[in-house]
Amino acid sequence: LVGTAGLLGLAVLWGTMVPTITHLLNTWDPVFLAAIRYLGGGPALLPVLWLVERGRPRSAANPPLSRVLLLGVVGIGGYAGLYTMGVDHSNAVTAAILSAASPAVATVTDRVFFGRRLDKRMLPGLLLAICGCVIATVDFSRAGSPFDLRGGEILILCAFVCWSWYSTAAQRWLDGWSQLRISSVTMTI
Numbered sequence: 018l019v020g021t022a023g024l025l026g027l028a029v030l031w032g033t034m035v036p037t038i039t040h041l042l043n044t045w046d047p048v049f050l051a052a053i054r055y056l057g058g059g060p061a062l063l064p065v066l067w068l069v070e071r072g073r074p075r076s077a078a079n080p081p082l083s084r085v086l087l088l089g090v091v092g093i094g095g096y097a098g099l100y101t102m103g104v105d106h107s108n109a110v111t112a113a114i115l116s117a118a119s120p121a122v123a124t125v126t127d128r129v130f131f132g133r134r135l136d137k138r139m140l141p142g143l144l145l146a147i148c149g150c151v152i153a154t155v156d157f158s159r160a161g162s163p164f165d166l167r168g169g170e171i172l173i174l175c176a177f178v179c180w181s182w183y184s185t186a187a188q189r190w191l192d193g194w195s196q197l198r199i200s201s202v203t204m205t206i
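One point on numbering: in this note's numbering, the residue at position 46 of the sequence shown is 63, and numbering is uninterrupted.
Some clues are possibly wrong.
Said to hold, decoys possible - Cβ-Cβ distance ranges computed for the label pairs, FRET-style:
1. Leu56 to Thr33: 39 to 49 Å
2. Leu166 to Val29: 21 to 31 Å
3. Arg73 to Gly23: 20 to 30 Å
4. Leu30 to Arg189: 32 to 42 Å
5. Val65 to Ser158: 42 to 52 Å
6. Pro80 to Thr44: 36 to 46 Å
7. Arg189 to Met139: 16 to 26 Å
8. Pro80 to Thr33: 29 to 39 Å
9. Val69 to Asp156: 47 to 57 Å
10. Leu145 to Gln196: 27 to 37 Å
11. Glu70 to Leu145: 40 to 50 Å
12. Leu24 to Ala52: 27 to 37 Å
13. Ser158 to Gln196: 41 to 51 Å
14. Phe131 to Ser83: 17 to 27 Å
Source of the hints: derived by calculation from the structure; they are not laboratory data. Even glycine gets a Cβ: it sits at the ideal position worked out from N, Cα and C.
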């Protein structure tokens, strides 16, 4: 029951991300907003990490600092910056709908960067998600193009690439690190 409540809470928070970012962009600078999302969260996790993991033996060797920095800068920083700028330069509804395409982006990202093969059972779901995004963003009453594309959509898709790459690379490069350690260190970077 606790796990289900946690997932429900996460779904609600994730679902409010685009409307919240859109609202805040009315008065906040997009670069500041992208930075503050993680500059507040990462360092706040460090004391929690210290409390939870103090006295525990480390189960893995430290990876090269360059990899940890790359995860923080490209994975977290790229995602936060590109996503916020993408929302700033796109229709909020289109930005929210693009989230449905993130599994397709993750699948392609894993194939390109890590050579993972596509599970053929996922293909119908990926195609439906992409078709759903296209159908949901079409407005046939709109003069000219039926899509309200403003350029930020490509930034949002690039943000999903950064996040997908980060998610897989962090698990591979930081093998043996707890999820709390991975999150707190890379978010702080």
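A quick look at each hint next to the structure:
1. For Leu56 paired with Thr33, a C-beta distance near 20 Å fails the hint of 39 to 49 Å.
2. Separation of Leu166 from Val29 is about 28 Å and conforms to the stated range, judged on CB atoms against 21 to 31 Å.
3. Judged by the Cβ atoms, the range 20 to 30 Å given for Arg73 and Gly23 holds: they are separated by roughly 23 Å.
4. Taking 32 to 42 Å as the suggested C-beta distance range, the pair Leu30 and Arg189 does not conform, at roughly 27 Å.
5. Look at Val65 against Ser158: about 50 Å separates their beta carbons, and that is inside 42 to 52 Å.
6. Evaluation of the 36 to 46 Å hint for Pro80 and Thr44 yields a pass: the beta carbon distance comes to about 40 Å.
7. In this structure the hint that Arg189 and Met139 lie 16 to 26 Å apart at CB holds, the actual value being about 20 Å.
8. The given range of 29 to 39 Å is respected by Pro80 and Thr33, whose C-beta atoms sit roughly 34 Å from each other.
9. Judged by the Cβ atoms, the range 47 to 57 Å given for Val69 and Asp156 holds: they are separated by roughly 49 Å.
10. A hinted range of 27 to 37 Å for the beta carbons of Leu145 and Gln196 is consistent with their spacing of about 30 Å.
11. Evaluation of the 40 to 50 Å hint for Glu70 and Leu145 yields a pass: the beta carbon distance comes to about 41 Å.
12. The hint said 27 to 37 Å for the Cβ distance between Leu24 and Ala52, and at roughly 28 Å that hint holds.
13. Range check, Ser158 to Gln196: about 46 Å between beta-carbon atoms, so the 41 to 51 Å window is met.
14. Distance hint for Phe131 and Ser83: a CB-CB separation of about 18 Å, consistent with the stated range 17 to 27 Å.
The structure fails to meet hints 1 and 4 from the earlier list, while all remaining hints are met.
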